[in-house]
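Student: Protein chains in written order, with our numbering: chain Y, 1 to 46; chain L, 1 to 297.
Simulated from the structure, these hints should not be mistaken for lab results.
C-beta: ideal position from N, C-alpha, C; glycine also.
A portion of the hints provided could be inaccurate.
[As the list claims (entries may be wrong)] Computed Cβ-Cβ distance ranges for the label pairs, DEER-style: (1) P32/L <-> S41/Y: 17 to 27 angstroms; (2) C237/L <-> L20/Y: 42 to 52 angstroms; (3) N24/Y <-> R238/L: 47 to 57 angstroms.
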Amino acid sequence: MRPYRVLPFLLMLAFLVLALAGINLAEPEAVLDKAIRVCLSCMGIG
Amino acid sequence: MPGLRRWIQVAATLLSNGYWLFPWKESLYRGPLKAVCLPGLNCYSCPAATGACPLGSLQHVLAELRPGFAAGQPRPGLYVAGLLGFSGSLVGRMPCAWLCPFGLLQEWLHKIPSPELPVPRALSWLKYLFLALFVIALPFWAVDEFGYGMTWFCKFVCPAGTLEAGIPLLILEPELRALVGRLFYAKLTILVLFLAWMAVSRRPFCRVACPLGAIYSLFNKHSAFRLVHHPDRCTRCRACFNDCPMGVKVYEGANQLDCIRCLRCLRHSCRFGAISFEVAGVGPQVGETGGTTGGTH
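So here's chain L without its partners, still in its complex pose:
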């Protein structure tokens, strides 16, 4: 399963960034696919990006909400919210583990031999602060005299944007380097700090700062796809916790906010059949002798 997931992650990353004509065309992809929000965090200003970033789109919608209403063209972001909500209702936070390019980068960087640094659980609430403040409140409320807001998370925080768009554009278009100022250096520092953190901790950006993961996580408990924990089989050996890239203690409850449904606990960690999955109430049933019937093990 980890092998299959890795292949899917790589394929999703390549598909999300499949416009390799940009060095010759000297522009980013401008086709109709860019109207579709991708499920993972992938900056749409990346020269190779083939789709839109849902977080960037959400911020833009909120930043231009007032002028839109004033002009009689209300665009309250139903399309973006609908896509995010549909995906969340279907699989919860699963796109973080299977489809997000930035998630793949974090997993690869963590393969660098280095001491293991745990991420304090209290920090996981920060991503909800980033979502509430930088993605929703500030783009909507902090507006200029014409009623336009800014994409605060993209502009001041997002390390994915710095890595996928800022740096490549500065390489491809040297004349832009004259425009680089303190803000970009600050964002570069954020990126470097996160990259270093990724080497020593598992998925720190997902756990601490990703507003997209924060949105999906709100659906984890009620999504169609869910994990099921079987307490009667669980020995609380902590194997699932030790293996979990998000530091989730499955034995304290499946489908916690930080679970990204990588299925590592189900397929790899638990030897007692204490974890299975179900889809809207239908799923492999736990047998009498351990493991699950129906092909989960």
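The following block holds chain Y by itself, in its conformation from the complex:
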């Protein structure tokens, strides 16, 4: 019988809190803002 591992759940919880904190700082809007534009220089064009 293997012991249960708690560390993965602690890690998941910590990163979930991080993501929620990012959402609180409106970071998804910043991601969206970049993702909906074609950035030619980011592709090495121009």
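Got chain Y; can you put chain L on it based on the hints?
Tutor: Structure of chain L alone, referenced to chain Y:
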């Protein structure tokens, strides 16, 4: 299992690039899903992309960190880091094998009949260099007079971006071709070299250059989903190593940094029940007579 994985890879690729209206709309998808970082490497400038590339997003966040703080709108990238870390903590590098469109391309290209060229293990450390330098350090530190950095990996390296966004955009918008210069030709060369390498080696980009895989790999040892190696059953026949698309010697330790959890070793290679999996300590137990109980074989 390889069949199921292939179907999931194809479905993930189609879902990640499901905006097929772009030839008529003459623009890429601009809906709310683009705020969500996809788990695999998929350029969000691809005309069909439905989500954001986590690597591109991470670089953008770091490139604009200073101006954001200066403007009183700090966006330190917690959202992107949180999503990547959550996924990594859950399944480690599994998205590379099951969800990444560029991973699927590599596996398909390797089906082209060609001589097999091994990837030197020492090269696998290069992806951490790409992560540290091109994704984190340079976008953050190499800034212009206004404090803005660049997306160095996207701009100077990423062959996925060249294939999924650069080339399609140049086909769809011929007027952009006048802007193509040495840099794009250099990136095109990188792409061609990797495509050729994919035919003769298994997943060379994942093994050598992918910063996203490098991030996920850091979670392999402590993720909820893990492989378990049973040394008492292992004959060290190397069947797992010979079958592994990442060249992992499972008998030297499960959950190595390069393991992408394709489960090929577990389902296909090992005939002795020496490899199983567990989720946070719970998993099929190895029986007395070989194989595992609980339905893994």
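Student: Using the C-beta atoms of P32/L and S41/Y, is the stated range 17 to 27 angstroms upheld?
Tutor: The hint (17 to 27 angstroms, Cβ to Cβ) holds, given that P32/L and S41/Y are roughly 25 angstroms apart.
Student: So does N24/Y sit 47 to 57 angstroms from R238/L, Cβ to Cβ?
Tutor: Roughly 50 angstroms apart at Cβ, these two residues keep to the hinted range, so it holds.
Student: Is the distance from the Cβ of C237/L to the Cβ of L20/Y consistent with 42 to 52 angstroms?
Tutor: For L20/Y against C237/L, whose Cβ atoms are near 47 angstroms apart, the range 42 to 52 angstroms holds.
Comparing the model with each earlier hint shows no violations; every hint is respected.
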